[in-house]
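Take the sequence shown: its letters are residues 366 to 492, numbered as in the working numbering.
If you are wondering where the hints come from, they were derived from the structure by calculation, not from laboratory data.
Check before you lean on any hint, since a few could be wrong.
Unchecked claim - Listed below are the simulated BS3-like cross-link pairs for lysine-lysine, each with C-alpha atoms no more than 27 Å apart in a straight line: (1) K457 / K391; (2) K457 / K392; (3) K391 / K420; (4) K457 / K398; (5) K420 / K398; (6) K392 / K420; (7) K420 / K457.
Said to hold, decoys possible - Quick list of the computed label-pair ranges, beta carbon to beta carbon: (8) W387 / Y480: 30 to 38 Å; (9) C487 / A408: 14 to 22 Å; (10) H409 / T448: 34 to 42 Å; (11) G424 / F462: 27 to 35 Å.
As the structure is a computational prediction, the values presented were derived from the model and not from experiment.
Glycine included, C-beta positions come from ideal geometry on N, C-alpha and C.
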Amino acid sequence: MKTLLTLYMIICSLSSTVQAEWSNWKKSPCYDKVEYRYRHVRAHGTRQIFEIQFKNRYGRTIYFDYALAGSKQNEDIHHARRTSLPANRESKPIPLFTNSEEFLIEIGQLNFSPYDTEYEECDQEAA
366 MKTLLTLYMI ICSLSSTVQA EWSNWKKSPC YDKVEYRYRH VRAHGTRQIF
416 EIQFKNRYGR TIYFDYALAG SKQNEDIHHA RRTSLPANRE SKPIPLFTNS
466 EEFLIEIGQL NFSPYDTEYE ECDQEAA
């Protein structure tokens, strides 16, 4: 009986640490060379915990804002965060918390210098 209980506890702990697979890379609607992907980590009460990763395919470091937006028009959740990403790199996974399993990622205010207040226009291919 003790062996069965131990086996059950091991199986439960393994299943709680398994995370969902990453989504396919998605291009930013505005910037063709910025991509993102995400995966569901777990539920925490009514909140959902996701991880997001960004990919920079520009030939130099980028600085940009990203925000989580609800999938429905009246559920916009804008809490923009600013980050940077070196040329041709992927970011480390970044935790995201949301009340919904459906959301969009908005990427904007991209520039190539941390001191510049002029932002790049959307790429022609992405616009």
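Hints versus structure:
no. : hint                    : result
1   : K457 / K391             : holds, 16 Å
2   : K457 / K392             : holds, 18 Å
3   : K391 / K420             : holds, 10 Å
4   : K457 / K398             : holds, 18 Å
5   : K420 / K398             : holds, 8 Å
6   : K392 / K420             : holds, 9 Å
7   : K420 / K457             : holds, 10 Å
8   : W387 / Y480: 30 to 38 Å : holds, 33 Å
9   : C487 / A408: 14 to 22 Å : violated, 35 Å
10  : H409 / T448: 34 to 42 Å : violated, 23 Å
11  : G424 / F462: 27 to 35 Å : holds, 33 Å
The structure fails to meet hints 9, 10 from the earlier list, while all remaining hints are met.
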